[in-house]
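Protein chains: 4
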Amino acid sequence: MLIRLGYDIAFQNPAPVPIVAMLNVHPSRAQDLREPDQLKLEPNIPLDTYTDSFGNVCARFLAPAGEIRLTNSTLIEDSGQPDAGDPAAPEVPVEDLPAENLRYLLASRYCEVDLLSNTAVELFGEIRSGYQRVQAICNWVNSKVTFGYNFARSTKTALDVYTERLGVCRDFQHLAITFCRCLNIPARYTTGYLGDIGVPVAPYPMDFSAWFEAYLGDRWWTFDARHNRPRIGRVVMAVGRDAADVAITTSFGSSRLTKFTVVTDEVPEARSNSNSA
Amino acid sequence: MLIRLGYDIAFQNPAPVPIVAMLNVHPSRAQDLREPDQLKLEPNIPLDTYTDSFGNVCARFLAPAGEIRLTNSTLIEDSGQPDAGDPAAPEVPVEDLPAENLRYLLASRYCEVDLLSNTAVELFGEIRSGYQRVQAICNWVNSKVTFGYNFARSTKTALDVYTERLGVCRDFQHLAITFCRCLNIPARYTTGYLGDIGVPVAPYPMDFSAWFEAYLGDRWWTFDARHNRPRIGRVVMAVGRDAADVAITTSFGSSRLTKFTVVTDEVPEARSNSNSA
Amino acid sequence: MLIRLGYDIAFQNPAPVPIVAMLNVHPSRAQDLREPDQLKLEPNIPLDTYTDSFGNVCARFLAPAGEIRLTNSTLIEDSGQPDAGDPAAPEVPVEDLPAENLRYLLASRYCEVDLLSNTAVELFGEIRSGYQRVQAICNWVNSKVTFGYNFARSTKTALDVYTERLGVCRDFQHLAITFCRCLNIPARYTTGYLGDIGVPVAPYPMDFSAWFEAYLGDRWWTFDARHNRPRIGRVVMAVGRDAADVAITTSFGSSRLTKFTVVTDEVPEARSNSNSA
Amino acid sequence: MLIRLGYDIAFQNPAPVPIVAMLNVHPSRAQDLREPDQLKLEPNIPLDTYTDSFGNVCARFLAPAGEIRLTNSTLIEDSGQPDAGDPAAPEVPVEDLPAENLRYLLASRYCEVDLLSNTAVELFGEIRSGYQRVQAICNWVNSKVTFGYNFARSTKTALDVYTERLGVCRDFQHLAITFCRCLNIPARYTTGYLGDIGVPVAPYPMDFSAWFEAYLGDRWWTFDARHNRPRIGRVVMAVGRDAADVAITTSFGSSRLTKFTVVTDEVPEARSNSNSA
Numbered sequence: 000m001l002i003r004l005g006y007d008i009a010f011q012n013p014a015p016v017p018i019v020a021m022l023n024v025h026p027s028r029a030q031d032l033r034e035p036d037q038l039k040l041e042p043n044i045p046l047d048t049y050t051d052s053f054g055n056v057c058a059r060f061l062a063p064a065g066e067i068r069l070t071n072s073t074l075i076e077d078s079g080q081p082d083a084g085d086p087a088a089p090e091v092p093v094e095d096l097p098a099e100n101l102r103y104l105l106a107s108r109y110c111e112v113d114l115l116s117n118t119a120v121e122l123f124g125e126i127r128s129g130y131q132r133v134q135a136i137c138n139w140v141n142s143k144v145t146f147g148y149n150f151a152r153s154t155k156t157a158l159d160v161y162t163e164r165l166g167v168c169r170d171f172q173h174l175a176i177t178f179c180r181c182l183n184i185p186a187r188y189t190t191g192y193l194g195d196i197g198v199p200v201a202p203y204p205m206d207f208s209a210w211f212e213a214y215l216g217d218r219w220w221t222f223d224a225r226h227n228r229p230r231i232g233r234v235v236m237a238v239g240r241d242a243a244d245v246a247i248t249t250s251f252g253s254s255r256l257t258k259f260t261v262v263t264d265e266v267p268e269a270r271s272n273s274n275s276a
Numbered sequence: 000m001l002i003r004l005g006y007d008i009a010f011q012n013p014a015p016v017p018i019v020a021m022l023n024v025h026p027s028r029a030q031d032l033r034e035p036d037q038l039k040l041e042p043n044i045p046l047d048t049y050t051d052s053f054g055n056v057c058a059r060f061l062a063p064a065g066e067i068r069l070t071n072s073t074l075i076e077d078s079g080q081p082d083a084g085d086p087a088a089p090e091v092p093v094e095d096l097p098a099e100n101l102r103y104l105l106a107s108r109y110c111e112v113d114l115l116s117n118t119a120v121e122l123f124g125e126i127r128s129g130y131q132r133v134q135a136i137c138n139w140v141n142s143k144v145t146f147g148y149n150f151a152r153s154t155k156t157a158l159d160v161y162t163e164r165l166g167v168c169r170d171f172q173h174l175a176i177t178f179c180r181c182l183n184i185p186a187r188y189t190t191g192y193l194g195d196i197g198v199p200v201a202p203y204p205m206d207f208s209a210w211f212e213a214y215l216g217d218r219w220w221t222f223d224a225r226h227n228r229p230r231i232g233r234v235v236m237a238v239g240r241d242a243a244d245v246a247i248t249t250s251f252g253s254s255r256l257t258k259f260t261v262v263t264d265e266v267p268e269a270r271s272n273s274n275s276a
Numbered sequence: 000m001l002i003r004l005g006y007d008i009a010f011q012n013p014a015p016v017p018i019v020a021m022l023n024v025h026p027s028r029a030q031d032l033r034e035p036d037q038l039k040l041e042p043n044i045p046l047d048t049y050t051d052s053f054g055n056v057c058a059r060f061l062a063p064a065g066e067i068r069l070t071n072s073t074l075i076e077d078s079g080q081p082d083a084g085d086p087a088a089p090e091v092p093v094e095d096l097p098a099e100n101l102r103y104l105l106a107s108r109y110c111e112v113d114l115l116s117n118t119a120v121e122l123f124g125e126i127r128s129g130y131q132r133v134q135a136i137c138n139w140v141n142s143k144v145t146f147g148y149n150f151a152r153s154t155k156t157a158l159d160v161y162t163e164r165l166g167v168c169r170d171f172q173h174l175a176i177t178f179c180r181c182l183n184i185p186a187r188y189t190t191g192y193l194g195d196i197g198v199p200v201a202p203y204p205m206d207f208s209a210w211f212e213a214y215l216g217d218r219w220w221t222f223d224a225r226h227n228r229p230r231i232g233r234v235v236m237a238v239g240r241d242a243a244d245v246a247i248t249t250s251f252g253s254s255r256l257t258k259f260t261v262v263t264d265e266v267p268e269a270r271s272n273s274n275s276a
Numbered sequence: 000m001l002i003r004l005g006y007d008i009a010f011q012n013p014a015p016v017p018i019v020a021m022l023n024v025h026p027s028r029a030q031d032l033r034e035p036d037q038l039k040l041e042p043n044i045p046l047d048t049y050t051d052s053f054g055n056v057c058a059r060f061l062a063p064a065g066e067i068r069l070t071n072s073t074l075i076e077d078s079g080q081p082d083a084g085d086p087a088a089p090e091v092p093v094e095d096l097p098a099e100n101l102r103y104l105l106a107s108r109y110c111e112v113d114l115l116s117n118t119a120v121e122l123f124g125e126i127r128s129g130y131q132r133v134q135a136i137c138n139w140v141n142s143k144v145t146f147g148y149n150f151a152r153s154t155k156t157a158l159d160v161y162t163e164r165l166g167v168c169r170d171f172q173h174l175a176i177t178f179c180r181c182l183n184i185p186a187r188y189t190t191g192y193l194g195d196i197g198v199p200v201a202p203y204p205m206d207f208s209a210w211f212e213a214y215l216g217d218r219w220w221t222f223d224a225r226h227n228r229p230r231i232g233r234v235v236m237a238v239g240r241d242a243a244d245v246a247i248t249t250s251f252g253s254s255r256l257t258k259f260t261v262v263t264d265e266v267p268e269a270r271s272n273s274n275s276a
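Residue numbers (numbering that gives the first Met the number 0), protein chains in the order written: chain A, 0 to 276; chain B, 0 to 276; chain C, 0 to 276; chain D, 0 to 276.
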């Protein structure tokens, strides 16, 4: 399956402002790209690209006063298969985890592991260890939290989600991630493209999405406490401890978002070929 | 100057529990060690050593049920000079910062940059940019927050410190770090040895200490919002975004601290030689 | 001046649910009413009316499953004068305050006096005591907090407003009230009718409004940190420590708001007469 | 049974400071007093006594700079019976509650009903309505929260207790009260004398205590989530929505507690007679 990916984002800045963007497909999917994946800036100012400590591709630039526009269009090949899962995948004892995954057990800005540990044990401590326990966490969060775009707020933490029971996709994932970590299951926040492929079209403008990964057995598995069912066509852009690590864009100063459109469309082979010609 | 470093820490565990310890001198000080720096465990169980994403040396082991004791004694050479400082060191524009320092601008578990940005700008926005602004932050925190061991609490965040104005050394640093990041100055939490060298002996048992570093000009500089004056003999053990990243020990399960002593003593040359013989 | 007051509110209830409503004009304005002020229910179920500890008129009823509609239309005479103010009104020492006003110095659900005391003293402690200090608090809150209906959330406290700097009218008042109490100035939350009389029509549907009162000299004075200028035609419905005390309606169970319209219109004398005939 | 009650409390004030004290036995116990219940001040400054909106006796005075000492010694007759309880007492539908009890259903400073409602329903919603449900709440809180004087902090709320699981007696009651209100059971905070009568002497200095009352059937019943068993000899001093309403003393300015002793001793009849002679 081929998926057209892209975005058209603009900011209005009262003064020059440094911006960090995480708008590239994650290196783990680089081999699937069928067109270059290149963030374009208007005006065409210099761009510094680097890899952060989580392995994400980041772009940094000093946006001038006035408008800056970020665009891209690329094409990726996807298996067309829904998210893999393995009900038999076991939890890994902390002493056997790959050392680089230990950081995904710790508390982070939006995931207060220290504050929700008792609750996690009370809710999920008796459930059999393993993949199905993470699924039970997703089921709980999915059934208890009400989705609504008007519930979005940049400061909302997992504890807020637990008490308010309202949120957008990032909030669902933050709470589920926190519960996983409370049970010593490494969990990391993931942001990327997720189109309405194989599902009814959602009544919202296309946006980037957030889901999470839990480490079980010998690999990371995809979970999504918001949609809570296997989906086709996820394309990872960035992973981190929580949304603070993988903001799509971070402006280090005053900046006003004036345009935001995202494209994530399945493309018939023929059309995609001509597009990329 | 030679400084004797060491600790004797014990836990009582009702069941086997994985523990991660950050009890080694930081690699940046390895060349100053005059004796091996080796965490010893009793019982003598296997130890897995690795380096985390911040460059800290970590040790991981599965503590058995019953008591586990962690000890060490080592000797380090120190310049004997107080913390370096440079009132002329400038703040670095975000677009010019070394990429690996950008993570020290983000919000983290105990440093809610998003919640304190307006306050930081109101308090320190008019102060001239540079080293002296970080010093002004330390002065403010030091004069506004009251120190007391009974004010310690593992869940306390920078916002809590801002509202309660009570804390231990980690709390002072968390608030100062947060204010720095709010102003786009990279700041990182540092934990290590800090003895009463060159100052009156404090009326508390020796403990590890926490301070922080801010990136100005072309390097990290030491600041300490708790003591707020240059000190002699700091020995870094670990750096991270905040205390969540650099806990001296983290037990992933039930564990009770039963002993905790720390040694940080200046040693006359002669005596140190005989000790290390 | 005559003002037509009224509302038309409906709830859909999956099961019978007790509701408390504070939908009457406050007794302090009873002598100004030119028509009866009577909450009507459809279906016409029994209504228990009582006065709460703050002197507000409350109505309590057991709403049946299905729809319940609350309506009223009344007419009130108003001076047509803008809010009174007296720059010379002094703060009253705590020991001289009327005893019944002391409760308006305490912390309440949405006004964390204990958490914002230091900030209040730092911001307003040097300002000369008296009416003008309360005005300075309103000016600060009004200039620092951005208004938006999408920023409303029922759990938002004064500290949240202080950190997030976003809110609706109740949020502006909660922060200002808290600062007043921190300085030992009694302040109480007020809810009522406030039409667009003498001001440009606001680009929002008419709603009830919130403002606050501070006790200075020998009386309560009206302040409004949201609009921050004298207004004509405020009609008080209820006063309390904060929004928790004076919710327009409180449902003690599941209940969905399906209709909400408020009328607050200046009425020409002739027309009002014929209306009330 | 006769119980000697008393206290000896002192403050050091850098400047004159108004103080409100709630140091009298509650009017509901006035008929049991066998000696006058009179707060004495040294120096002997004027005292203004009033009753607050909850029916508590309050004393207000302007403490001079320097030391102020508050003392009292009185004698009360007590039934000597443990707290009454009735497992059959039913919950009262909100529409049938005495109107003056409705305020004990609302959120207050330390009891965030809005934030813990879902949790309360999840934990206790399936338990049969009535006295036993309140007892189940006490059992839960008592078993989940660890007591320790070093866990006291004046800003701690019910949600903090729920997440931290550490506290002093007021914290236990705040969480239990909040859960009750979440289930539409009126609950109020109570402070008073509680000696070690009929129980082993506690290894702490005598202090005032806090418990709570829930309204079931046709009366208020005593519950105590901290001790969680019927006790002999409770003497109520004040009731309110939470600790913010019934602080033993509130200083409206800088004031340092320098002495704090409380007496609550069962007294043999003969000795008590001679004492009061």
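Hints should not be assumed to be uniformly reliable.
The list treats identical chains as one, so a pair stands whether inside a single copy or across any two.
To be verified - Heads up, simulated EDC-like pairs for lysine to aspartate or glutamate below, C-alpha to C-alpha not over 20 Å straight-line: (1) Lys39 / Glu94; (2) Lys143 / Glu99; (3) Lys39 / Glu66; (4) Lys143 / Glu121; (5) Lys258 / Glu94; (6) Lys39 / Glu265; (7) Lys258 / Glu41.
No lab work stands behind these hints: they were computed from the structure.
Ascending list of hint numbers which this structure does not respect: Of the numbered hints, 2, 5 and 6 do not hold.
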